[in-house]
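Colleague: The hints should help you fit chain B onto chain A, whose structure is shown.
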Amino acid sequence: MRPSVLSRVSSLAAALVAAGLIFLPLWWVFASSLRPGNTFVEYLTPLSWTAFLPLGGSFTNYSVLLSGDFARALLNSFFVAGATVVLGLVIAVLAAYALAVLDFPGRGLVFAFVILVSMVPFDAIAIPLSGLFSTWRLSDTYAGLILPALANGFSIFVLRQFFLGVPRELLDAAEVDGLGRLGILIRIVLPLSKPALIGAALMLFLSQWQAYLWPLLIGTSPAKQLAPIALANLSSLYQVDLGQILAGSFVLSVVPMILLLFFQRQYTDSLSTTGLRG
Amino acid sequence: MAAVTEPRLVQAATLPRRWSPRRRRDARLAAVLLAPAVLVMVMLRVVPAVSALSESFRHLSLRTGVKDFVGFDNYLYLFGSSQFHSVLTTTLLFNLVINPVIVVLSTALALLLAQRLPLAGLWRSLIFVPAAVPGSVVALIWSTAMQPDGLLNSALRLVGLPPQPFLTSSSQALGSIGVMLAWGAIGYWMLFVIAGLKDIPVALYEAAMIDGAGWWQRLVSITLPLLRRPMAFVLVACTVGSFLAFAPVQILTKGGPDNSTTLLMYDVYTNAYQVGDLGVAQAEVVVLMALLAVIVAFQFRMMREER
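The listed protein sequences derive, respectively, from chains A and B. Residue numbering for the first sequence follows UniProt numbering, starting at 1 and increasing by one per position. Residue numbering for the second sequence follows UniProt numbering, starting at 1 and increasing by one per position.
Just so you know, these hints were derived from the structure itself, not from any lab. Since we're looking at a predicted model, the values are computed, not measured. Glycine included, C-beta positions come from ideal geometry on N, C-alpha and C. Be a bit skeptical, because a hint or two may be false.
[As the list claims (entries may be wrong)] Stretch-level coverage of chain A by chain B, calculated; a stretch enters the list once three of its residues show a Cβ under 8 Å from a Cβ in chain B:
1) 37-51
2) 256-269
[To be verified] So these bits of chain B aren't anywhere near chain A, every CB distance computed over 12 Å:
3) 61
4) 62
5) 68
6) 75
7) 82
8) 124
9) 151
10) 162
11) 171
12) 178
13) 256
14) 259
One chain only, chain A, in its complex shape (with noise of 0.2 Å):
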């Protein structure tokens, strides 16, 4: 019974024209951000398909935009992400270790709090939260660009699924082994974590690499601005050249479009099998 060649066909077809619909503005963002200043428009009065072809062009938009403001930008957004993932990773593999492996009295206490607090999105509290970063002295600082994002319940939800997994005999016959608590964690359970560990350093660059309210709300000076912000500012000068929007645009779309692509199994496996199975 299987279905028949008309079904398949048709089926492919629309897959076709869906994925097609879905990601020709992007193609059309890459196309166009070679082609220096303004000048992308010609091609779309009257609409031609060469307004789809990155061919005949010049990086043009991308050597102006990097070497003006946006170039420091782009590199505020690597470190703050970079920094979010190594020290929000750390924060997260400890408490999830201390969830999943140790008895202690209170676990479950922690770890409702844990998941309570995962479901306060990150936004909702965001405008509040830069009052208090005024007084506390972070404001336009690294740190305060930083630190909200390690506040990631997720991730240690997601990294406790995890090591909950990896057999309990292991533990126990390191332990025999002469290894401490710690030692089995940094030899026996890191390892065996890789994928989960990937996908909560993704969630967390993620998270920052995609962040615009909060970073619009603390980093106020140019010298600690980040791209997603510095290309929103660009794009509200008086003149507007609109090709080195979609430069911007398509740098850092591509960014996590490479991650996603390379890690898009750990990720959504970290995702959905938390997410919908719980």
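Modeller: Showing chain B alone in chain A's frame:
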């Protein structure tokens, strides 16, 4: 949860469990390991939420610089203002439309792409890729495409339709923002529905085929009922996301034209940073958190019912 009940090999049998030195050592280590996480979560999530609540009962007098306790005045002002009514209505209507659209589209795409098709992985990746684009960049890309002489209008002209104003028209701006949000979201949520589809036992379909059920019947009586849990999850998670929509409004429309795109998050932002009325802004944050709490509580109920 196996870890709790697991018998311990090395545990001294004579000591009461609670007081074994090993358990005490574990408890001390746990406290150390958990301290950084609990500290950041308290300082960066709990404290601001509590502070929003307490500040929402205060008013900063610009004349004296003193914060006075004003009880529910900020809330009374908020609920008495027609601006807030229109913001609330706009936000709720927007969510009532955009989220079901996203769920239906992502489910349809999931049903299409969970089949065994040539190059299925490629189509899936192409549809997922917009999820990688930061929200602010989604806004910038689409505003460029929605310019008077941009990509969308040239496409309309190609099929003989008149050009549209999109973001500069009060009747189209909110819809245009909805298109942006949906574009960035459907590929992402599609993956969750695909994961749900993979959990449905193949045997169910085989049995239905033997009973002579057609494609439509299998969809209605097997697939959709068994997809209820993932679909409920997607609906709620994407509602939380859409409730917090901010970047496109702040970057592109500033709430206009004619207030048609003033969504809740943007209104909180303007109350706090443009109007400078922090008490009212915090009261609005509390209303927003309460609304989201209702949604999350609803999520729990939907998830539990299935068990």
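Colleague: For residue 62(B), is the shortest beta carbon distance to chain A beyond 12 Å?
Modeller: 16 Å, holds
Colleague: Verify that the Cβ of residue 124(B) lies farther than 12 Å from every Cβ atom of chain A, and report whether the claim holds or is violated.
Modeller: 8 Å, violated
Colleague: Classify the label on residue 171(B) as holds or violated, using whether its beta-carbon is more than 12 Å from each beta-carbon of chain A.
Modeller: Residue 171(B) is indeed farther than 12 Å from all Cβ atoms of chain A, at 23 Å.
Colleague: Does the stretch 37-51 of chain A contain three or more residues whose Cβ lies closer than 8 Å to a Cβ of chain B?
Modeller: holds (count 6)
Colleague: Verify this label for me: residue 68(B) is non-interface relative to chain A, using a Cβ-Cβ cutoff of 12 Å.
Modeller: 17 Å, holds
Colleague: Closer than 8 Å Cβ to Cβ for three or more residues is the test here. Does the stretch 256-269 of chain A pass it with chain B?
Modeller: Since 7 is at least three, the answer is holds.
Colleague: Please settle this one: residue 82(B) was flagged as non-interface, so is its CB more than 12 Å from every CB on chain A?
Modeller: Residue 82(B) is indeed farther than 12 Å from all Cβ atoms of chain A, at 23 Å.
Colleague: Minimum Cβ separation between residue 162(B) and chain A greater than 12 Å?
Modeller: Holds: least Cβ distance 14 Å, greater than 12 Å.
Colleague: Is the nearest CB of chain A more than 12 Å from the CB of residue 61(B)?
Modeller: At roughly 17 Å from the nearest Cβ of chain A, residue 61(B) sits farther out than 12 Å, so the non-interface label holds.
Colleague: Beyond 12 Å from every chain A Cβ: check whether that's true for residue 75(B).
Modeller: 16 Å, holds
Colleague: Over 12 Å to the closest beta carbon of chain A is the bar; see if residue 151(B) clears it.
Modeller: The claim breaks: residue 151(B) does not keep its Cβ more than 12 Å from every Cβ of chain A (closest is about 6 Å).
Colleague: Does the no-contact call for residue 256(B) survive, Cβ to all of chain A over 12 Å?
Modeller: Consistent with the label, residue 256(B) stays out of reach of chain A, its closest Cβ about 14 Å off (over 12 Å).
Taken one by one, the earlier hints fail for this structure at numbers 8 and 9, listed in ascending order.
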